[in-house]
Amino acid sequence: MAKKLTELTWEEFQGFDVYEKGACLRLERPHVFHTLVAQQFDRRFLDELCELTTTIRTIAKDKEGMLFLKGLLAHKRAMLYFSQPSSRTFLSFSAACQILGIDTEEVRDTAVSSEFKGETQEDSVRTFSSYFDLIIMRSKVAGLAERMAWVLSNSDRPVPIINGGSGRDQHPTQSLLDIYTLQRSFEDRGGIDGKQIVFVGDLLRGRTVRSLATLLMQYRDVDQVFVAPRQLQLGEDIQKLLSKGGVNFSLTDDFDSAVLEADAVYMTRVQDEWDDETGDSRKIDTSRYHFTAAHLDMLKPGAIVMHPFPRRKEIAVEVDNDPRAMYWRQMRNGMWTRSALMAVTFGVDREIASQL
Amino acid sequence: MAKKLTELTWEEFQGFDVYEKGACLRLERPHVFHTLVAQQFDRRFLDELCELTTTIRTIAKDKEGMLFLKGLLAHKRAMLYFSQPSSRTFLSFSAACQILGIDTEEVRDTAVSSEFKGETQEDSVRTFSSYFDLIIMRSKVAGLAERMAWVLSNSDRPVPIINGGSGRDQHPTQSLLDIYTLQRSFEDRGGIDGKQIVFVGDLLRGRTVRSLATLLMQYRDVDQVFVAPRQLQLGEDIQKLLSKGGVNFSLTDDFDSAVLEADAVYMTRVQDEWDDETGDSRKIDTSRYHFTAAHLDMLKPGAIVMHPFPRRKEIAVEVDNDPRAMYWRQMRNGMWTRSALMAVTFGVDREIASQL
Amino acid sequence: MAKKLTELTWEEFQGFDVYEKGACLRLERPHVFHTLVAQQFDRRFLDELCELTTTIRTIAKDKEGMLFLKGLLAHKRAMLYFSQPSSRTFLSFSAACQILGIDTEEVRDTAVSSEFKGETQEDSVRTFSSYFDLIIMRSKVAGLAERMAWVLSNSDRPVPIINGGSGRDQHPTQSLLDIYTLQRSFEDRGGIDGKQIVFVGDLLRGRTVRSLATLLMQYRDVDQVFVAPRQLQLGEDIQKLLSKGGVNFSLTDDFDSAVLEADAVYMTRVQDEWDDETGDSRKIDTSRYHFTAAHLDMLKPGAIVMHPFPRRKEIAVEVDNDPRAMYWRQMRNGMWTRSALMAVTFGVDREIASQL
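Chains as they are written, first to last, in our numbering: chain X, -18 to 337; chain R, -18 to 337; chain B, -18 to 337.
Hints are computed from structural coordinates only; laboratory data are not their basis.
Any given hint could turn out to be false.
One copy or two, either will do: identical chains are not told apart, so a pair holds if it fits within one copy or between any two.
[Unchecked claim] Here are the simulated DSS-like pairs of lysine-lysine, each with C-alpha atoms no more than 27 Å apart in a straight line:
id, residue 1, residue 2
1, Lys42, Lys(-15)
2, Lys51, Lys(-16)
3, Lys294, Lys264
4, Lys294, Lys121
5, Lys44, Lys264
6, Lys264, Lys51
7, Lys(-15), Lys121
8, Lys221, Lys121
9, Lys264, Lys121
10, Lys221, Lys294
11, Lys294, Lys281
12, Lys225, Lys(-16)
13, Lys281, Lys51
14, Lys225, Lys44
15, Lys281, Lys44
16, Lys281, Lys221
Based on the provided sequences and hints, a complete structural model is requested.
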């Protein structure tokens, strides 16, 4: 049975699987406290967050609205602790903070900081919690955000942690922005339920795909199609999970046929930063899985093309200005979604909703 | 005939000379959109911007005025994208944003960002345009700001670009602050018209001199004197331009005589960052062209000494506290001028003018 | 007799001892201008600053109060010029600025800035003073902050300098936060007067200990006990100063006995960044001077444990959640104290006091 972080030892919490961890984190309702794993989001949370995101976007359309938003959390300060560099995610969070008036500071390169050398990361994070009201952290170390969340929850000054990406698996706010982009794109057509989502590229290692595929299990009648060269196909762990959940999914290497049927084509790049030393993924020919101008003709009129970026050659630049190329808007959605998440974290969501 | 960026292919725009480009950019009036080249500023724009700059400076003298200014663009966010390091220009823009309440983020060293590696600069800049409302960029690559401006103008989300220095030639906001410093210094003596401006130092490669010399063609009866060792004298391209424009100018290596007659002495350092590998400029003796305490005795009482900074030994520190040493104020003028430019860019110039 | 910086040549000011310098800096009352040396703080200033710090902390407890504070100096901009890296001090100052609404910019690594290379630090600091209203600087160079304060005070645009740590000796705002932490911890027991303060660790080189020990001379009947291995014991210069001031102090290597009697145990780490090339301090066994869970049993109920951080192994993590472990709060006190200091610097202290 799920317990709060203050009722668990670190060893107990660490030993849970992601669903059990998610259940523990959901106990902090009505407001989310730590955001650590995509599995802590249930359908109701996702629906409410999407609605809040749209409300924020709408309010932000004029100066008066922007100033209202900027006053909401003008008394809060956030630390962006990015020991794994990621300018895109960093800028998105930073802009999201600015929208709500949250002051920010950053520690992006621990190498420049002599003080943080030679002390434990627990001490660093407790330092941040002394000065700031929220810590957004990104790390190459799996589970680090969870550890820090547990440490802070069991300290005199608990402050929320938002996981901005950790290790190979978790990047929960990327999942939120992906869900929101799908929801927004299909809002006039019944939302995400019943749609066919096609994932393309490095499905083995792309954490955005792994997270999104499992989150989509919360939606009704979603078909999932996974298009990749054999060596980069979706991991068996996720396949088992989807089977167990009764999801209608298929694996294929026939990109063109998948594009013809898709409501959304989710392109990804080869994640070669996770290659071993021999650089295994470079030997795989992925050019057959690139989305070209020709694919626009195959794509249904109401379908969309997504990409978590950065892209290399997965999508031709000729596609960029087609209205179905949703990846720029997807990026901007990330900013709005993160604003919405922080608004919920600090409990100003109702104040926002009542503004419309 | 000039056309807007949305009516031109990249090849067409790229093929224009700077005056033709300037004419295209001026079509965005009443408000400036992109600020790319000094040649887009006509006399009327310069006069209005100088007046606005003085108005901002006046309003900023007390707390109430500062808070008024800070509220003007508190709903806007700017990206400072400085892939060519320049702390002085960076800090000046940053402070200018703060004065108007614009929130900022920065990307100063692309090397720290793994995500921006391996993607095109077009993708990076479109990313910035997803999160921010203005991009201020500085680059060693000539024409990059122009390219990005064209890309954004032809995208779904055009945001203005301000060129904070690109390549060897263009640094339009430096020209604006130089013009404003001259205008402000001579405001009780009829402004810039009819004055004698003496340029000293590396006139061959200093982009501030090249830009300012051509901008001064818009003022009446300005004498321009260029003082430099032969190897660093003003390029023939600019000389031809001045001749064609009927400007009264002369080249000399007699520094002392020039100082005696000057209304403004514009000192510059040797631009050895543009040296070829053999370090050609180090062999040139420039010590004869240093402004020393002795030159203060030669200088007219109402004349001024300017320098775009950083300085090395071009101006002796003994000169610093003389009221005619205008280079510190010139620096501060840069901040005010950039605030004024951004106010015009976002169309709040009238709101400022009506405040006085 | 003390004189203001504008009435002294640099050579005169530089020649003064720290007490004479302190006396000069105190002439700027009622408000402090430059904050350079701990010796400029007299008892009355310390008492008033502690009271102001508590007032700010109290006001900051709700959103309305935070917004009041954030409006106080929203028209000011500060430069954080940290050529010696120190993320903890940096973040503390940054958060302190944010609390009062002061906009900030930073120059943390002069290496990234090509412009600041090849120019004097005087020119850099005068540049900062052109754009900003306050300069907070940290440098490995002893006396640099003093030099810059003198330069600015004798320029057309004097702006205050706060020394965020310079050289081996001066870190005046660390002393302020230490004093405040003691004062706050003992506020129900008559304050700092009459207490026994035990210093432990590298007392020879720790500038926080050296500063705090001398500042405590301003309090009545404070016993000071210095616990260290012989090679790291308190310098003779400070010992002489304490003797001359009639302070009751003792040197010992008996850590346990000292803990039994202490009202405050001030732990410090070995300052090996000041080691010579042979790394002399690594040969010293300091493990006997670590504060362990066992020491909690010896410690008096109302006593406190402090540490300026970062820590290595001087304090066991098991101690962290004991209510007498004051080092996390000490860190946060640094933020509040620095806010208070800046409030005094800009003369808004009375406005704050009248708010309660």
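Hint-by-hint comparison with the structure:
In this assembly of identical chains, Lys42 and Lys(-15) lie within 27 Å of each other by CA distance solely across copies; the values are 26 Å between and 39 Å within a copy. Within a single copy, Lys51 and Lys(-16) get their C-alpha atoms no closer than 35 Å, and across copies no closer than 38 Å, so neither meets the 27 Å cut-off. Taking the closest pair of Cα atoms, Lys294 and Lys264 come within 27 Å of each other only inside a single copy of the chain (16 Å); across copies the shortest separation is 48 Å, beyond that limit. For the identical chains of this complex, Lys294 and Lys121 are neighbours both inside a copy (25 Å) and across copies (26 Å), given an alpha-carbon limit of 27 Å.
Taking the shortest Cα distances, Lys44 and Lys264 never come within 27 Å of each other, neither inside one copy (52 Å) nor across copies (57 Å). In this homomeric assembly, Lys264 and Lys51 never come within 27 Å of each other (Cα to Cα): the closest approach is 49 Å inside a single copy and 55 Å across copies. In this homomeric assembly, Lys(-15) and Lys121 come within 27 Å of each other (Cα to Cα) only inside a single copy, at 26 Å, whereas the closest approach across copies is 46 Å. For a Cα distance limit of 27 Å, the shortest separation of Lys221 from Lys121 inside one copy, 26 Å, qualifies, whereas the shortest one across copies, 52 Å, does not.
For the identical chains of this complex, Lys264 and Lys121 are intra-copy neighbours only, at 25 Å inside a copy versus 35 Å across copies, given an alpha-carbon limit of 27 Å. Taking CA atoms no more than 27 Å apart as the test, Lys221 paired with Lys294 passes in neither setting, with 31 Å inside one copy and 46 Å between copies. When the C-alpha separation of Lys294 and Lys281 is checked against a cutoff of 27 Å, the pair qualifies only within one copy, where the shortest distance is 22 Å, while the shortest distance between copies is 63 Å. In this homomeric assembly, Lys225 and Lys(-16) come within 27 Å of each other (Cα to Cα) only inside a single copy, at 25 Å, whereas the closest approach across copies is 61 Å.
Taking the closest pair of Cα atoms, Lys281 and Lys51 never come within 27 Å of each other, the shortest separation being 39 Å inside a single copy and 47 Å across copies. In this assembly of identical chains, the alpha carbons of Lys225 and Lys44 never lie at most 27 Å apart, being 49 Å within a copy and 48 Å across copies at closest. Taking the closest pair of Cα atoms, Lys281 and Lys44 never come within 27 Å of each other, the shortest separation being 37 Å inside a single copy and 50 Å across copies. Taking identical chains as interchangeable, the C-alpha atoms of Lys281 and Lys221 are never at most 27 Å apart, the minima being 30 Å within one chain and 59 Å between chains.
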